[in-house]
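Asker: What follows is the residue order along each chain.
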Amino acid sequence: MSGASAGTTTHADAGEVARLEEVARRIRVHVVRVVNHARGGHLGGPLSAADLLAALYFHAMRVRPEDPDWPDRDRFVLSKGHSSIGLYAAMALRGYFPEEELLTFDAAHSRLQGHPDMTRLPGLDMSTGSLGMGISAAMGIALGGRLTGHDIRAFVMLGDGECQEGEVWEAAMAAAKYRLDNLVAIIDHNRLQQFGWHGDGPDGRLPPQVPGELAGKWRAFGWRVLEVDGHDMAAILGVLDEAAHGDGRPTAVIADTVKGKGVSFMEGHYFWHTRLIKPEEFAQAMADLGEPAPAAEEAAR
Amino acid sequence: MTLPMGRPMREIFGETVAELATDDPRIVMLDGDVGSSTRGDIFEQAHPDRYLQMGIAEQNMLGVAAGLATMGLIPFISTFVSFAVVRPLDQIRVLIAQTGLNVKITPGYAGLFTGMTGMSHIIVDDVSIMRAMPGMVTVSPADDVEAAQVLRWAAAYQGPVYVRLVRDATQRLFDESYRFEFGRAVTIREGRDVTLVSTGAQTPRTVDAAELLAAEGIDAHVVHVPTIKPLDVAAIVAAADRTGRVITVEEHTVIGGLGGAVAETLGEHRPTRIDRIGLQDLYIQSGPNDALLDIYGLSAARVSDRVRELLAASR
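Going down the list, the sequences are from chains A and B.
Heads up: the first sequence begins at 1 in the numbering used here, then just goes up one per residue.
Heads up: the second sequence begins at 1001 in the numbering used here, then just goes up one per residue.
Hints were generated in silico from the structure; no laboratory data involved.
Glycine included, each C-beta is placed from N, C-alpha and C at the ideal position.
Hints may be right or wrong, so weigh each one.
In silico EDC-like cross-links for lysine to aspartate or glutamate, where the CA-CA straight-line distance does not exceed 16 Å [to be verified]:
1) B/LYS1229 to B/GLU1264
2) A/LYS177 to B/ASP1049
3) A/LYS177 to B/ASP1033
Computed footprint of chain A on chain B; a stretch qualifies when at least three of its residues, placed anywhere within it, have a C-beta under 8 Å from a C-beta of chain A [to be verified]:
4) 1046-1059
5) 1088-1100
Reference listing, derived: stretches of chain A covered by chain B, where coverage requires no fewer than 3 residues with Cβ under 8 Å from a Cβ of chain B [said to hold, decoys possible]:
6) 115-123
7) 142-151
8) 163-173
Generate the whole structure from the sequences, applying the supplied hints.
Answerer: Right, here's the structure in full:
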């Protein structure tokens, strides 16, 4: 793994790491089950982000699921709003709402909209979905925390494809100007976007960012950059602990991830950004994720 | 005969929001690097800690405003209408209108008076765009007196608002006894022959046009509509009933703005012959204010001429 801070410095014990790995596994199971049940939704992005979401909601963030509007909570903005089902799964597991409600995802009148809608679901700190915006909102939260005297941190997760949006770099510039070291941007660097440019990469597509250049871009905008293997839980906990100690700069955690992580046939394929799951594929996915074989009626949605 | 000049709304903007912020620590101002033009600099002088320079990056600015609002702050936006509405339109839609967050979009440089900048800076369709957006209210004050009251109302109102302000001094319509009421239209002049419905800084010129018409024996009823959305339907219907003939007048495209709103309303509630005076599906060149008003038919003289023509044509 590249990066100076590969999480060997974590103080998390092995039990904590194993606990969070299990949370991440359960997030992935929910993602695949729910998207299969809904017959639509995103898969590749939520699966690449699952370990990061588990680490945020079960380790790094100070939150009270029973009091989602607690003024001194840390905030989370899912700027890559299409990974909503991953966020919903993490929130359900953390106790914001019952896990059974996940099956209402994308259904009419559900609180779990295709992209996050803060007016419907308590605990969502911003509505997102149109890419590039969440980081601006998170910057406003971090700045607002400082102005109102709340010792809070604002976490925001972006995709590496999303970093093609110009607004991301407007926010990067401004956040560094305001020295917002209570702002942590986590880039889910899974090296694929929905379609991307034609080229000689996997499946004939090019990655959204030139390999190796993302860290330099954030650094050039005045951010502290921490690189980590986004599927190594001990390492993730290490960088998030490090990010908690501000040094006057906003922090970008560039997490190297695999799109579709955890499901063998989805890993590294752009076309699993969104795609319907066939019954035999569903069974394989459950096996890959360490679940018992599903009932035929669940697989054959 | 003609209404006197008032103070520039932009000065009212800087002064009023600064005064409001003195009493309310939740108020902040975000500037897109034009505070020396919008007179956000008056706020910066008074409250440097709450003047948040965002640089030349309007998409981020509107997003930051949404985040600040979730922390209980009340952000006012300082930039030009063109850069406050269309440049960050999607940020307004997703982060402010869809969330209902308490952001005050209060740009200057509405209409033709933009300091001879030309069509990149003169936006002709901001009212059409903002009033079509679910969850967004749209207010266009007539003069400096009303602008101050609208800004005070906006600070107290919970939710997103769009208030369009003018750069230069315009004519003063109201005296200090006037009280702005959100969602209410105001009858400025009673008349029998034709109903003129107007908004923003055009209203004083429309009132002057009514006086020119009166000298020729045409008795115009004049209604000012500061709140374009939600529209005061009852007042518009009553004003149409008054004369049976409606002409809207606005410093804005006739497509979808005040004229569109009034036509929609009367079409549904009280079909009435209506004409729309305003900008005719075109972009605006740069030039001195008076020249532009004359060229685009919005001076008192040009409006009175046009009203007379329209009445003659429909008689």
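Asker: Each of the hints needs a verdict: does it hold here or not?
Answerer: Results of checking the hints against the structure:
For the hint linking B/LYS1229 to B/GLU1264, the alpha-carbon distance of about 12 Å falls within 16 Å, and the restraint holds. Only pairs whose Cα atoms come within 16 Å are accepted, and A/LYS177 paired with B/ASP1049 is accepted, the gap being roughly 14 Å. Between the alpha carbons of A/LYS177 and B/ASP1033 the distance comes to roughly 14 Å, so the proposed pair stays at or under 16 Å and holds. Beta-carbon proximity to chain A at under 8 Å applies to 7 residues in the stretch 1046-1059 of chain B; the threshold of 3 is reached and the given coverage holds.
Only when three residues or more bring their CB closer than 8 Å to a CB of chain A does the claim for the stretch 1088-1100 of chain B stand; here the count is 8, and the claim holds. Residue count for the stretch 115-123 of chain A with a Cβ under 8 Å from a Cβ of chain B: 3. That meets the three needed, and the coverage hint holds. Look at the stretch 142-151 of chain A against chain B: 7 of its residues bring a Cβ nearer than 8 Å to a Cβ of that chain, three or more, so the hint holds. Coverage of the stretch 163-173 of chain A by chain B holds [criterion: at least 3 residues with CB-CB distance below 8 Å; count 5].
Checked against the numbered hints above, the structure breaks none of them.
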